[in-house]
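Visitor: Construct the complete structure from the given sequences, taking the supplied hints into account.
Protein chains in written order, with our numbering: chain A, 40 to 288; chain B, 1359 to 1667.
Worth flagging that the hints you see were computed from the coordinates, not collected in a lab.
Idealized CB from N, CA, C, for every residue including glycine.
Among the clues, some could well be false.
As the list claims (entries may be wrong) - Just some of the chain A residues that point at chain B, by a computed CB distance under 7 Å:
| no. | residue |
| --- | --- |
| 1 | Val54 |
| 2 | Met72 |
| 3 | Ser73 |
| 4 | Ala105 |
| 5 | Val131 |
| 6 | Met169 |
| 7 | Thr174 |
| 8 | Asp199 |
| 9 | Lys208 |
| 10 | Ile230 |
| 11 | Lys234 |
| 12 | Thr240 |
| 13 | Ala244 |
| 14 | Lys280 |
| 15 | Val286 |
Claimed, not checked - Computed Cβ-Cβ distance ranges for the label pairs, DEER-style:
| no. | chain 1 | residue 1 | chain 2 | residue 2 | range |
| --- | --- | --- | --- | --- | --- |
| 16 | B | Asp1576 | A | Thr240 | 42 to 48 Å |
| 17 | B | Glu1522 | A | Arg265 | 41 to 47 Å |
| 18 | B | Ala1520 | A | Glu96 | 23 to 29 Å |
| 19 | B | Asp1464 | A | Arg57 | 31 to 37 Å |
| 20 | A | Lys232 | B | Ala1420 | 48 to 54 Å |
Said to hold, decoys possible - As a list, the in silico SDA-like pairs of lysine to any residue whose alpha-carbon atoms are at most 20 Å apart:
| no. | chain 1 | residue 1 | chain 2 | residue 2 |
| --- | --- | --- | --- | --- |
| 21 | B | Lys1666 | A | Val278 |
| 22 | B | Lys1478 | A | Val257 |
| 23 | A | Lys270 | B | Lys1638 |
| 24 | A | Lys208 | B | Gly1537 |
| 25 | A | Lys236 | A | Arg223 |
| 26 | B | Lys1552 | A | Val257 |
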Amino acid sequence: MKILVPVKRVLDYNVKPRVKADGTGVDLANVKMSMNPFDEIGVEEAIRLKEKGVATEIVAVSVGPAKAQETLRTALAMGADRAILVQTDDEVEPLALAKIFKAIADAEQPGLVILGKQAIDGDNNQTGQMLAALTGWAQGTFASAVNVEGDHVSVTREVDGGLETVKLKLPAIVTTDLRLNEPRYASLPNIMKAKSKPLDTKSPADYGVDTTPRVKTVKVSEPPVRSAGVKVADVDELVAKLKAMGVHS
Amino acid sequence: MKTLVWVEHDGSAVKDATLAAVTAASKLGEVHLLVAGAGVDGVAKAAAQIAGVGKVHVADNAAFGHNLPENIAPLVAELMASHDAFVAPATTTGKNIAPRVAALLDVMQISEVLSVEGPKTFTRPIYAGNAIATVESSDPKLVLTVRGTAFEKAAATGGSGAVEAVSAGGDAGLSSFVGAEIAKQDRPELTSAKIIVSGGRALGSSEKYQEVIVPLADKLGAALGASRAAVDAGYVPNDYQVGQTGKIVAPEVYFAIGISGAIQHLAGMKDSKTIVAINKDEDAPIFQVADFGLVADLFNAVPELTGKI
Ligand SMILES: Cc1cc2nc3c(=O)[nH]c(=O)nc-3n(C[C@H](O)[C@H](O)[C@H](O)COP(=O)(O)OP(=O)(O)OC[C@H]3O[C@@H](n4cnc5c(N)ncnc54)[C@H](O)[C@@H]3O)c2cc1C
Ligand SMILES: Cc1cc2nc3c(=O)[nH]c(=O)nc-3n(C[C@H](O)[C@H](O)[C@H](O)COP(=O)(O)OP(=O)(O)OC[C@H]3O[C@@H](n4cnc5c(N)ncnc54)[C@H](O)[C@@H]3O)c2cc1C
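Guide: Right, here's the structure in full:
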């Protein structure tokens, strides 16, 4: 079984995002960019399924600028077999992304597509579910365990009340949650090896997908800032402050 | 504009998150509800009483029993032929279903709406709430998920919606429900609690969480929360996680105990009315957002607080 793993290049999660003064977005000039953490978890899960003998080939895909190649090389260094860069300098919305991934799925015929549950920049949490709708496949979102059993996959999902397990017919879409696994670091030899793994470059037009946005960003602004309050000297002072607010047993 | 609001329920009662979604939808136009599930007569009757609702569409079918999106999304898409907007609370159920509906309708979804600025204009958080985007849809129909903490709850009673059975849809044959581990709690739910007591990595073990955090929460009638580090380390179950990728909360009072205040954690709680932080490191970032900060060892300070409050 082949596994398709979409990976997005995003602002590193350790960097504090700064809104641009002109209100057009977040400043991404000269800041560290990395693979979306949920997508690292997706790559790791695919590699584990290959190590178990369930998967035979892992194809990493990214939609983005030429620099997204770096993200794909990271996926290859972790253990993906080949990569596809769908190159564009435009911001591509989840619906258009899902259409691109659908076209790739039609061509590659994967048994599983493993996406992140959300990208930590757009925070949309949509792409996997949309891809499931377009392919007509089942979806196991917010996964904390994935077990392939014959022609089905069972997915344990993190839901508001706890955990839930569903059984899905293959092929299927999975989106990762934080506790699915701990992604490995690529070793130096594997980073070297990744440089010679195949990386195809395509464009959205190659897949017949129009990426014109449906949603216009009117402006981007800073959230209301919260100012620091006071430090209390001891528990007694804290108790007094809380009681004054009506908080007590 | 006619809106269709997803009613989140547990088989017997309507969940609070629905009420915030109703308020958001009422800013767009007429509010209709969808109650889907197996054996949901009671829920439908309760939903019809929500203030301001028009029709309540009820899809009662075994195939809708566990909110499987493969079965639910086609049902919603069909009902959308006679509605202009689908509005779901941004719960794990809403997030699972709404994008699938949007793609079936070939429209973009707007996620985690914070405010309605116009008939097609909304604000929503990006970058873990470090930026707020104002966005305008150009699609013919809207699909929205709504952040529960950003809207007042509609009154649960006072309405008189007309209940109407829907016969559409069924089992798509793609997925089935196997089981769930849903902890039954006799304390308030995290997303609707007035007070939340959260513990972080500093607790060191599940025993210490029980010993230090739980008694304070018990005394205040508070819900229990945690940082990702505390969940990852197994001190508490996953549904306790507050943050960018956990639950978004905005209680009257939020206690962050032994939590450093990473941006991903702040994303989930910085709209709390009052934040109390207890941390032994006076430079911990959590103090930058705390109304009351106490620099102390939590293992001494929290039991003392529990005793004195
Ligand atoms: C300030 C700002 C303004 C913006 N303005 C616009 C705009 O006007 N129009 C517009 O179209 N977009 C705009 N965007 C982009 C948009 O918000 C999202 O980046 C885009 O819609 C994708 O959503 P997401 O990454 O949050 O998707 P999610 O659904 O959260 O992503 C889930 C998963 O899908 C996969 N995935 C997502 N993106 C990619 C990718 N590029 N390559 C490979 N896999 C991927 C990953 O596996 C990821 O984990 C803007 C973004 C910002 C920050
Ligand atoms: C993609 C992604 C998503 C994430 N999503 C979330 C999320 O949703 N929610 C979330 O919480 N995190 C999330 N995180 C993790 C986040 O970045 C932090 O790692 C996490 O919040 C840290 O948890 P903590 O504050 O408990 O631990 P730490 O950062 O280790 O902080 C522990 C604190 O306890 C204090 N302390 C230690 N001992 C004592 C003592 N005896 N008395 C008092 N204080 C003491 C220390 O001074 C320190 O400040 C995410 C990370 C990523 C990459």
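Visitor: Broken hints, numbered, in rising order?
Guide: 1, 2, 3, 4, 5, 7, 10, 11, 12, 13, 16, 18, 26
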